[in-house]
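Asks: Same order as they appear, the protein sequences are chains W and F.
Using this note's numbering, read the first sequence as starting at 9 and increasing by one per residue.
Using this note's numbering, read the second sequence as starting at 2 and increasing by one per residue.
FYI, nobody ran anything at the bench for these hints, they're computed from the structure.
Take the hints with a grain of salt, since some may be wrong.
Stated by the list, open to error - With the Cβ distance kept under 7 Å, some of the chain W side facing chain F (calculated, not the full set):
1. Tyr15
2. Val18
3. Met32
4. Gly47
5. Gln69
6. Val108
7. Ser111
Said to hold, decoys possible - Cross-link-like lysine-lysine pairs, in silico, DSS-like; alpha carbons within 27 Å at most:
8. F/Lys31 with F/Lys120
9. W/Lys24 with W/Lys122
10. F/Lys248 with W/Lys122
11. W/Lys122 with W/Lys29
12. W/Lys16 with W/Lys126
13. W/Lys126 with W/Lys24
14. F/Lys120 with W/Lys126
15. W/Lys16 with W/Lys29
16. F/Lys31 with W/Lys16
For every residue, glycine included, the Cβ atom is placed at its ideal position computed from N, Cα and C.
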Amino acid sequence: MPLDDIYKEVILDHYKKPRNKREMPQAERSCSRNNPLCGDEITVFVHEEDGLLADVSFTGQGCSISQSSASMMTEAVVGRSLEDAQGLIHRFRGMMAGEVEPSEEELGDLVALKGVVKYPIRIKCAVLAWDVLQEALGGRESASGTSAH
Amino acid sequence: MAVTRERSTGLDVARIREDFPILSRTIGGKPLVYLDSTNTAQRPRQVIDAEREFYEQHNANAHRAIYFLGEEATDLYEGARAKTARFLGAPDPSTIVFTRGTTESINLVAHGWGRRFLKEGDEILLTEMEHHSDIVPWQFAARDTGAVLRYIGLTDDGLLDLVNLEDLLTERTKILCVTGMSNSLGTITPLPRLIEAAHAVGALVLVDGAQLVPHRGANVAELDCDFLAFSGHKMLGPTASGGLFAKRELLEAMDPFLGGGEMINEVFHDHSTFNDVPWKFEAGTMNVAQEVAFGAAIDYLEALGMDHVREHEEELTAYALERLAEAGARIFGPTDVAVRGGVVSFWYRDVHPHDLATILNEEGVAIRAGHHCNQLVMRRYGVPATARASFYIYNTMEEVDALVTALGRAESVLGL
Numbered sequence: 009m010p011l012d013d014i015y016k017e018v019i020l021d022h023y024k025k026p027r028n029k030r031e032m033p034q035a036e037r038s039c040s041r042n043n044p045l046c047g048d049e050i051t052v053f054v055h056e057e058d059g060l061l062a063d064v065s066f067t068g069q070g071c072s073i074s075q076s077s078a079s080m081m082t083e084a085v086v087g088r089s090l091e092d093a094q095g096l097i098h099r100f101r102g103m104m105a106g107e108v109e110p111s112e113e114e115l116g117d118l119v120a121l122k123g124v125v126k127y128p129i130r131i132k133c134a135v136l137a138w139d140v141l142q143e144a145l146g147g148r149e150s151a152s153g154t155s156a157h
Numbered sequence: 002m003a004v005t006r007e008r009s010t011g012l013d014v015a016r017i018r019e020d021f022p023i024l025s026r027t028i029g030g031k032p033l034v035y036l037d038s039t040n041t042a043q044r045p046r047q048v049i050d051a052e053r054e055f056y057e058q059h060n061a062n063a064h065r066a067i068y069f070l071g072e073e074a075t076d077l078y079e080g081a082r083a084k085t086a087r088f089l090g091a092p093d094p095s096t097i098v099f100t101r102g103t104t105e106s107i108n109l110v111a112h113g114w115g116r117r118f119l120k121e122g123d124e125i126l127l128t129e130m131e132h133h134s135d136i137v138p139w140q141f142a143a144r145d146t147g148a149v150l151r152y153i154g155l156t157d158d159g160l161l162d163l164v165n166l167e168d169l170l171t172e173r174t175k176i177l178c179v180t181g182m183s184n185s186l187g188t189i190t191p192l193p194r195l196i197e198a199a200h201a202v203g204a205l206v207l208v209d210g211a212q213l214v215p216h217r218g219a220n221v222a223e224l225d226c227d228f229l230a231f232s233g234h235k236m237l238g239p240t241a242s243g244g245l246f247a248k249r250e251l252l253e254a255m256d257p258f259l260g261g262g263e264m265i266n267e268v269f270h271d272h273s274t275f276n277d278v279p280w281k282f283e284a285g286t287m288n289v290a291q292e293v294a295f296g297a298a299i300d301y302l303e304a305l306g307m308d309h310v311r312e313h314e315e316e317l318t319a320y321a322l323e324r325l326a327e328a329g330a331r332i333f334g335p336t337d338v339a340v341r342g343g344v345v346s347f348w349y350r351d352v353h354p355h356d357l358a359t360i361l362n363e364e365g366v367a368i369r370a371g372h373h374c375n376q377l378v379m380r381r382y383g384v385p386a387t388a389r390a391s392f393y394i395y396n397t398m399e400e401v402d403a404l405v406t407a408l409g410r411a412e413s414v415l416g417l
């Protein structure tokens, strides 16, 4: 059943019980973006303390892939330095572009999203939250190409 | 049982399906169930053959080649124009401009008529069910001329809300732009009433026929519309075929759209004079082979009979509405198939349309998921996107069953 590559238990768990899905009034950084292909929209909030991402949350709506990716992302980047978070964003993109063989040690639950690579049209869904985080952190890298159609 | 019902519509669907090579494809070992003809239709062998034959036997540039092949190519190209005019009930072929399709046609009107004749304070009346291609070009024209955009809203059941039409359609209205059939809701709009009301206040009417023409046909003489835009690829023809009907006096008064070869009469250092209509709007080498094959698509539909096409789609749509409702889907748009074409937008339980499309794809079922270039409609009904199944001459009751069966997969995959 090839669909199990994409709808893994861990993805569905994050979809049904998203972590850190809340607004964050004290956030110093926040950014919103939508995926015009499917209407998904995500806002990411970041609160910094002592140069670390002390709290990261998101709001929005979308498919299981975009929502679970956002949920896992917030867990994966919290506590990291800005530079460290940028590195993770880069490696996650590398995995979704099929260029980097992901290590579970480094990406944790996020490895579950690797199966999405086989569904090219859905890669944008997986990368959306990461685009927004990147923009919130002040750098633009548009690997997902969220162009209008 | 289903077979009997299909026969009653006068279309021999089994026979029709044999004309479409792609329908015998399998997807992941499962038969293709193509339910996305509103997006783009499939092509019968007759259309594919017409395009191939043009390239193999007649290829030369139209209107520019003084030799035998050039004459053949020109005759075939202009023959397709005459065929299109006849199919649409247009008075003569010069009222048909070939374009890449509906989007280009509407841009042509918004540019050539809109920028030329709209003035500050004039109003452009649209509807909230217009495709983005019948909104954005008018936003450009409004920005450049100072004209104002107004919108006819929608009722809860997916019809145009015409209660306050008299307030919206006034002597300030210069053009009403309205779809003949919504590509997300399926709604068939009351064109005769709207056109009469618009003309009564001196406004022109542009009909977006992208869905209406393939599925119901249109007669521009009976409708008395001023412009009708249509796409070949949604009615069995090649991509980038199709065009625009416009009343001749409008075409003559309008500015050209693209400048270039063949659209001119004489070129001087500082200005040019233009060719007669419709060639004044056909700059550069056109999609000659595609328009010729578009003519073959018209032949195919005429041989079936547009009344039969309509009856078949009404039956399929009624069946799909019934089965999807039984399955617990939320359906958008009218439930009466007399005012609804073969397009069914829906939400199945809480499954996001993108997830649903991916899961249905594993069962060989191809549907569209997204906002369908209808963001105003999505916003009106409070959803970011919908799943959409749409039907054409080759679809069967069994394919509707396959859709509904595949929906069940969503529950097991997502653990609902």
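Asks: Going straight from one Cα to the other, do W/Lys16 and W/Lys29 come out at no more than 27 Å?
Replies: Holds, at roughly 20 Å.
Asks: Measure nothing beyond the straight line between the CA atoms of W/Lys126 and W/Lys24; if it is 27 Å or shorter, mark the hint as holding.
Replies: Holds, because 23 Å separates the two Cα atoms, which is no more than 27 Å.
Asks: Would you settle whether the hint for W/Gly47 is holds or violated, based on the nearest Cβ-Cβ distance to chain F being less than 7 Å?
Replies: OK, holds: W/Gly47 within 7 Å of chain F, min 3 Å.
Asks: What's the verdict on W/Lys122 and W/Lys29, does the C-alpha distance respect the 27 Å limit or exceed it?
Replies: This hinted pair holds, its Cα atoms lying about 22 Å apart.
Asks: So, W/Gln69 near chain F? Judge it on the closest CB pair being under 7 Å.
Replies: With Cβ-Cβ at 6 Å, under 7 Å, it holds.
Asks: Mind checking the alpha carbons of F/Lys120 and W/Lys126 for me, to see if they're no more than 27 Å apart?
Replies: violated (52 Å)
Asks: What's the verdict on F/Lys31 and W/Lys16, does the C-alpha distance respect the 27 Å limit or exceed it?
Replies: Holds, at about 23 Å.
Asks: Under 7 Å, Cβ to Cβ, is where W/Val108 needs to be relative to chain F, so tell me if that hint holds or is violated.
Replies: violated (23 Å)
Asks: Taking 27 Å as the top limit, are the C-alpha atoms of F/Lys31 and F/Lys120 close enough?
Replies: Since the Cα atoms of F/Lys31 and F/Lys120 sit roughly 57 Å apart, the hinted pair is violated (cutoff 27 Å).
Asks: Given the proposed pairing of W/Lys24 with W/Lys122, does the C-alpha separation stay at or below 27 Å?
Replies: Holds, because 19 Å separates the two Cα atoms, which is no more than 27 Å.
Asks: Against chain F, is W/Met32 within 7 Å by beta-carbon distance?
Replies: Since chain F brings no Cβ nearer than about 22 Å to W/Met32, farther than 7 Å, the hint is violated.
Asks: Is the interface hint for W/Val18 satisfied, with its Cβ closer than 7 Å to some Cβ of chain F?
Replies: violated (12 Å)
Hint compliance for this structure: hints 2, 3, 6, 7, 8, 10, 14 are not met, and every other hint is.
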